[in-house]
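Chains as they are written, first to last, in the numbering used here: chain A, -12 to 242; chain B, -12 to 242; chain C, -12 to 242; chain D, -12 to 242; chain E, -12 to 242; chain F, -12 to 242; chain G, -12 to 242.
Do not rely on the hints blindly, as some may be mistaken.
[Claimed, not checked] Here are the simulated lysine-lysine pairs, DSS-like style, with alpha carbons at most 30 Å apart:
id : chain 1 : residue 1 : chain 2 : residue 2
1  : E       : K102      : F       : K102
2  : A       : K45       : G       : K45
3  : A       : K45       : A       : K57
4  : G       : K158      : G       : K102
5  : D       : K57       : E       : K45
6  : D       : K57       : D       : K158
7  : B       : K102      : C       : K57
8  : E       : K102      : D       : K158
9  : G       : K45       : F       : K57
10 : A       : K158      : B       : K45
11 : E       : K57       : D       : K158
12 : A       : K102      : B       : K45
13 : C       : K57       : C       : K45
14 : D       : K45       : C       : K57
15 : F       : K45       : E       : K102
[Unchecked claim] Distance windows between CB atoms, simulated:
id : chain 1 : residue 1 : chain 2 : residue 2 : range
16 : F       : E199      : E       : T99       : 34 to 44 Å
17 : B       : D78       : G       : G115      : 21 to 31 Å
18 : C       : H178      : D       : H88       : 37 to 47 Å
I should point out that these hints are in silico values taken from the structure, not numbers from a laboratory. The model shown is predicted, which means the values in this text are computed figures rather than measured ones. Glycine is no exception: its CB is placed at the ideal position from the N, C-alpha and C atoms.
Read off the chains here:
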Amino acid sequence: MRGSDQQAYDRGTSLFSPDGRIYQVEYAREAVSRGAPSVGVRTENAVVLAAQAQASSKLMESESIEKIHKLDDHVGAASAGHVADARQLIDFARRMAQGNHLRYGEAVGVETLTKYVTDHIQENTQRGGTRPYGAALLIGGIEGGIESEDGEDGRPRLFSADPSGTPHEWKATIIGGGREEIQEVLEEGWHDELSLEEGLNLVLSSLREHDEEIEAHALSVSAITAEDGYEHYEPEEIASLLEALEDEAAGEEEE
Amino acid sequence: MRGSDQQAYDRGTSLFSPDGRIYQVEYAREAVSRGAPSVGVRTENAVVLAAQAQASSKLMESESIEKIHKLDDHVGAASAGHVADARQLIDFARRMAQGNHLRYGEAVGVETLTKYVTDHIQENTQRGGTRPYGAALLIGGIEGGIESEDGEDGRPRLFSADPSGTPHEWKATIIGGGREEIQEVLEEGWHDELSLEEGLNLVLSSLREHDEEIEAHALSVSAITAEDGYEHYEPEEIASLLEALEDEAAGEEEE
Amino acid sequence: MRGSDQQAYDRGTSLFSPDGRIYQVEYAREAVSRGAPSVGVRTENAVVLAAQAQASSKLMESESIEKIHKLDDHVGAASAGHVADARQLIDFARRMAQGNHLRYGEAVGVETLTKYVTDHIQENTQRGGTRPYGAALLIGGIEGGIESEDGEDGRPRLFSADPSGTPHEWKATIIGGGREEIQEVLEEGWHDELSLEEGLNLVLSSLREHDEEIEAHALSVSAITAEDGYEHYEPEEIASLLEALEDEAAGEEEE
Amino acid sequence: MRGSDQQAYDRGTSLFSPDGRIYQVEYAREAVSRGAPSVGVRTENAVVLAAQAQASSKLMESESIEKIHKLDDHVGAASAGHVADARQLIDFARRMAQGNHLRYGEAVGVETLTKYVTDHIQENTQRGGTRPYGAALLIGGIEGGIESEDGEDGRPRLFSADPSGTPHEWKATIIGGGREEIQEVLEEGWHDELSLEEGLNLVLSSLREHDEEIEAHALSVSAITAEDGYEHYEPEEIASLLEALEDEAAGEEEE
Amino acid sequence: MRGSDQQAYDRGTSLFSPDGRIYQVEYAREAVSRGAPSVGVRTENAVVLAAQAQASSKLMESESIEKIHKLDDHVGAASAGHVADARQLIDFARRMAQGNHLRYGEAVGVETLTKYVTDHIQENTQRGGTRPYGAALLIGGIEGGIESEDGEDGRPRLFSADPSGTPHEWKATIIGGGREEIQEVLEEGWHDELSLEEGLNLVLSSLREHDEEIEAHALSVSAITAEDGYEHYEPEEIASLLEALEDEAAGEEEE
Amino acid sequence: MRGSDQQAYDRGTSLFSPDGRIYQVEYAREAVSRGAPSVGVRTENAVVLAAQAQASSKLMESESIEKIHKLDDHVGAASAGHVADARQLIDFARRMAQGNHLRYGEAVGVETLTKYVTDHIQENTQRGGTRPYGAALLIGGIEGGIESEDGEDGRPRLFSADPSGTPHEWKATIIGGGREEIQEVLEEGWHDELSLEEGLNLVLSSLREHDEEIEAHALSVSAITAEDGYEHYEPEEIASLLEALEDEAAGEEEE
Amino acid sequence: MRGSDQQAYDRGTSLFSPDGRIYQVEYAREAVSRGAPSVGVRTENAVVLAAQAQASSKLMESESIEKIHKLDDHVGAASAGHVADARQLIDFARRMAQGNHLRYGEAVGVETLTKYVTDHIQENTQRGGTRPYGAALLIGGIEGGIESEDGEDGRPRLFSADPSGTPHEWKATIIGGGREEIQEVLEEGWHDELSLEEGLNLVLSSLREHDEEIEAHALSVSAITAEDGYEHYEPEEIASLLEALEDEAAGEEEE
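Start from the sequences, fold in the hints, and give me the full structure.
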């Protein structure tokens, strides 16, 4: 479909193009893939989330460009794309998680929470008078909450939510820019008995594949485990992890 | 009707073209036929649903691209087309099925449930300010629920719902891509005394006609029977069914 | 009015063209006349409704393309045009018929019911934000219900409702494709002392005029009588009626 | 104002053209003048309403193309233009007439009723999101109702309501096609001591001026008198009136 | 501003043009100035209102094209422009006048009433989804009602309300066509000790300046005085006033 | 930005142009600066407001083109621009002032009142479906009301409100046409110990700078003082003030 | 993306361009960067806010062009861009701060307050029928309020809110025009042990970098400290600070 024809169908969320596409959703996806990457890896007992975000000035507090957020004690999210849109989705997810405590007296399921969010996203792709969200999320956590251990519960899970409102579950994945190369690193490195430390290393090395110069202060990393719930890593912890990675890489090259 | 003329009438769901067509609905149908196929077959005592869905990465959990869903103990659905749109319809159908239990204290009829869904779809093709759903459903189950056995009840039924909101009942059919060839296989193979196993084989061989390389992990299959209600097949079960099919095909070729 | 000028006025239901036409309504009529025909004939004591509908596959259950519906014990309807739109009108009519029982404790009048439907259709031709219904109905039944016998009551009546929302009462008529030839057969064959059997024959021979190859399984036929109310004919009954017609025609040719 | 300029201002009811015209209202008037004529004549003690309407098939019940309607015991209306639009106005007028009985316990005034209708019509010419009504009405009756005889009451009155929502009172007038010639016959033949019979003759001869071939079955005629209220004429009565007219005309020619 | 540029800004009431104009309001004013004139003159103790309106047929009741209306015992209005729009404004003013009696137990002030009306008109020039009123009013009456005599009260006042919603108070003025010549006659003839009779003569001679052939039946005249409130003149009274004027004019010419 | 480009962004209040301008607001400002000027001067103990308005006919009552209005005992306003829009703002301000008495039992602050008005104006520049107000106001009065004398209270204050909804406080300023020359006169003549009489002279001489022929009847002048509150000047008072000014000017010239 | 293409996507807040941008938000940012600068600096124990605003006339009260506002005892804000839009945001923030006192009986957090504001801004970038806010804010204050001293509380914090609704936390930053050069001065001069006086000097010298001629009366400056809360500087204080800066600069040059 050529330019002038395409323009005929991309002016509203309530229009299909003749080939069955919804252009406004595809443009929102473009907004996501032009942003910095966020990566999630599920390990045997945890979910690791990491996001890259470069402050535009050294006077900017790096926490304020934070793209990883705690949603509840047992679940967190990483975002990519338009920051203000992502914040709305994060707020929406938090309200849903709180509402679950109030209504049912228990921690919301990771899958359930993801679907609340994707339903909300989808509605903005079908009704007129609004635009789709220009953001994607990774939602990771412990199914059933951190205090539960029966059946399905206690198991780490990782989901993505894209601007069309489609949820997917992953062993490991990336949203935002550099998708192809980062996903490749994840596919090569992932196995189902990853320890938490291995998961952290996999996340960081995948991001380094995309940006070799990556520095600790431009990274934020969290892990969610059944034992300790949502925990955020300090910049120093990230720095030493990066250093170890570099040593290892140097060692490998030497060999 | 040529290009520039057609464009005059395809910008909204609340417009007819001079030849009485609603283009937005036809474009939504196009969205469905560009997706992977989902097939349904009614056997003497069951309905079999199967869908093809290829994960974009080996790290994606294949259940999360699941296109077959349990709606109630006695009824399931397979979808084709825009995933996020299909999920909204699945959710709508589940709420309707639950509501029936609450209001009438009994399992919703398969036909009744299909018509709730198609009414909802049709409304989105007539009012402005929204677009049609870019998804189609197969809804299959046991009329009257799995515990009932009088009259009409206990009988397996299979319906389709398309983006215009038209319901049809089928002995066997396909939604999504590859319609022509798959429907042909179904027409050749279907008879009204199919056993469940024969139904499973018919579904799988029709999908293999469309994609010879089809693999078990890219398939999901469910059956709904009056005895056991909705049951989902494990990947290994699907794999052995596929294998048996191939052996048979090889055997036939040999002959 | 030439093409490009016409286009200026056919984009919304809330616009007249300079010559006082409402194009969206005319396009909806076009949608009706491109569909298969439905025929209604009023006999001395009954109304006969018949519709043609060809299943797109032998695996489609022909009842599910049914275009004749019971609205109440004493009244039925046949539709033509967009199937999903017609179903909405049928549902609307059923709710109105039920509401009449609840509110007034008696069966709704055939004329009254028709006017509820046409008022509803007209509203969709005047307000913005919606499109007209792309369907027409024949509504036939026993005025006053099947248990009543005083005055006007007990008398068979047949109405049509078109996409503009105009009701008309008929002795016999056709909606959908093939209007001219079918109406001609009806005009030739109708007289006011038709027996039910003669009515059935008139309906079927008018449809055969339009499509000589017509077969029983592609036809559905109902009759509404003061004695028995709404009754649907089995495919075998239709087949033997068609056969008798053919014999007769053959006989006439021989003569 | 030439074509392309005019088009700039005729796309909505909420727009004036630079010369202060509301084109959508003028197009609605065009819809009226392309329809068949309806005529009203006020006699000394009655109002006579007559409308021409040719059934499109001899199988159509001519009452169902009726364009003359009883609104209340003492008042009736004749319509011209889009039939479905006219029916909405007739229904609106009936509800207003009934409401008057409920609220004030008395028959609605003919002028009052006309103004309820024209106010309703005007609103559809000023707000966006709707189109004007494509119909005009003649409303005739006995001021104050048929049982009242004091003061103003008991006096026959005749009003017109056009698509702009302007009411006018008339001694005799015509809405719909053939306006010029019919109004001329009325102006020549009307005087203020017309008997009911003379009124009927004037109405019929004015319509015959427009269509010499006019036949009784394509005509409907009603009269509203203070004695008997609203009365509809049977086809036979109309036929004999027409015959008498023809004899008279023949007699005049002979002379 | 040339044609095509002007068109860019005249399609809605909610748009200013670059030179700060609201074209839809100006077009509504054009609708007023293309209508017949209505004139108001304030005399020492009264307000005189007169309007010209030619019936389109001698069978039209001239009262029904009445453009002068009683709003309350002590206040009346004359209109110019679109008749149906003017009627809405007259109705609105009457409801406001009645509401004042109900709420405050006293006659509404002439200025207050005018401002209710102009506020209502202005709102239709600012919000989208509607068009301005295509009508202007003259509102004249006795401030404080006809029974009051203290202070400001008892004093005759005359206001105009134009399509922008601007109120002005006048000694004498004209709305509708022929503004320039009629206003000139009023300016020459008005002085602040006019008797009622002199006021009537001034009104009639100003209208005669615009249309020399003016006849009594095409005129309607009312006067509002503190003694008698709103009074309408009979056609005969107007005829003899016109005659006297003509005699006078003839006398002057002779001299 | 050239013509055709500018047009792309000036059609709605809810659009920014690429250079961050809101054209509809700028066009509304243009509407203000094409009107006659209104001037306000704050003296040591008072605020003086003056406005020029030429009646279009000597029969128009000059008070009715009044552009200076009392809002409360201690505060008044002068307007410029579209008269009907200005009246809405004046009414809005009066309701706000009254509401303050009702809710808080005290006179509204001049600054508070101005901000109520500018908030209201701003809302009409951001939401769609409406246009900005085509009027500006000067709001002047005694902070805290005329009976209060503690702290801030009792102090005269003068504010302007423009079509963007921006409030400014002034020692002296002008809204409407002739802004540049009038503001210059005000800047030259203002000092912070102006007496009321000097303030009146400054206002009048600034207006004379803009229009040398200015006459008392085309002017309206009010002053608000802590002692007497809002007081309007009679035409004779204005005339003698103008005369004195002219004598003085003549005297100066002579010197 | 070239001009005419860009125009296709910048007409509404509810549209993405093909490269995932929301042009209306970018144009609103342009509105901000064309305004005068506002600067904020966080010192060890305080936040300093300063804004430049030149009065258009010496008769304008400079406080009325104030761009720094107290939001609560412990928090203030500086704005840049469209003044009327900024005032709406300031009002919104004040209501949120007051609401926090009412609902929770404690001072709102600086971060919480910022996020209330940015959520509100974001909503105006996603829904149709409105435009984004053409203003940015700096929000600075003492976390936890000025009376609190435990944990996080008592710590100064500074946030920015831009027209997309994105919040960022800063050590020091600038909104409005001259961003690049001012941010550079801030980056050079900031360290984490700044005293209040050093903070004031840094703010003023950064603004002087942008406009060498800057004068005290065109500046407004506030500081928020845990001891004294929000305090506004008098013009004389600012003047002497500027003077000191100039002396220092002169001293440095001499050296």
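Going through the hints against the structure:
Taken as a hint, the K102 (chain E) and K102 (chain F) pair is honoured in the structure, with Cα atoms around 25 Å apart against an allowance of 30 Å. Between K45 (chain A) and K45 (chain G), the direct Cα distance comes to roughly 40 Å. Violation of the 30 Å bound is thereby established for this hinted pair. Among the hinted pairs, K45 (chain A) with K57 (chain A) is consistent with the structure: their alpha-carbon atoms are about 25 Å apart, no more than 30 Å. For the given pair, K158 (chain G) sits about 18 Å from K102 (chain G) by alpha-carbon distance, which is consistent with the 30 Å threshold.
A hinted pair counts as satisfied when its Cα atoms are at most 30 Å apart, and K57 (chain D) with K45 (chain E) qualifies at roughly 28 Å. Proximity of K57 (chain D) to K158 (chain D) is assessed by CA-CA distance (about 20 Å); at most 30 Å being required, the pair is judged to hold. Between K102 (chain B) and K57 (chain C) the alpha-carbon distance is near 16 Å, which keeps this suggested pair within the 30 Å criterion. Between K102 (chain E) and K158 (chain D) the CA atoms are separated by roughly 38 Å; this puts the pair beyond 30 Å, and the hint is violated.
Between K45 (chain G) and K57 (chain F) the CA atoms are separated by roughly 28 Å; this keeps the pair inside 30 Å, and the hint holds. Pair hint K158 (chain A) plus K45 (chain B) holds up; C-alpha atoms about 9 Å apart against a cutoff of 30 Å. At roughly 24 Å between alpha-carbon atoms, K57 (chain E) and K158 (chain D) fall within 30 Å of each other, so this suggested pair holds. Of the pairs offered as hints, the one joining K102 (chain A) and K45 (chain B) holds, with about 22 Å between alpha carbons and a cut-off of 30 Å not exceeded.
With a C-alpha separation of about 25 Å, the suggested pairing of K57 (chain C) with K45 (chain C) holds against the 30 Å cut-off. Taking the CA atoms of K45 (chain D) and K57 (chain C), the gap is near 28 Å; set against the 30 Å cutoff, the hint holds. A hinted pair counts as satisfied when its Cα atoms are at most 30 Å apart, and K45 (chain F) with K102 (chain E) qualifies at roughly 22 Å. Checked against the hint of 34 to 44 Å, the C-beta distance between E199 (chain F) and T99 (chain E) comes to roughly 38 Å, which is consistent with it.
The given range of 21 to 31 Å is respected by D78 (chain B) and G115 (chain G), whose C-beta atoms sit roughly 26 Å from each other. At about 44 Å, the beta-carbon gap between H178 (chain C) and H88 (chain D) stays in the expected band of 37 to 47 Å.
In summary, the numbered hints that this structure violates are 2, 8.
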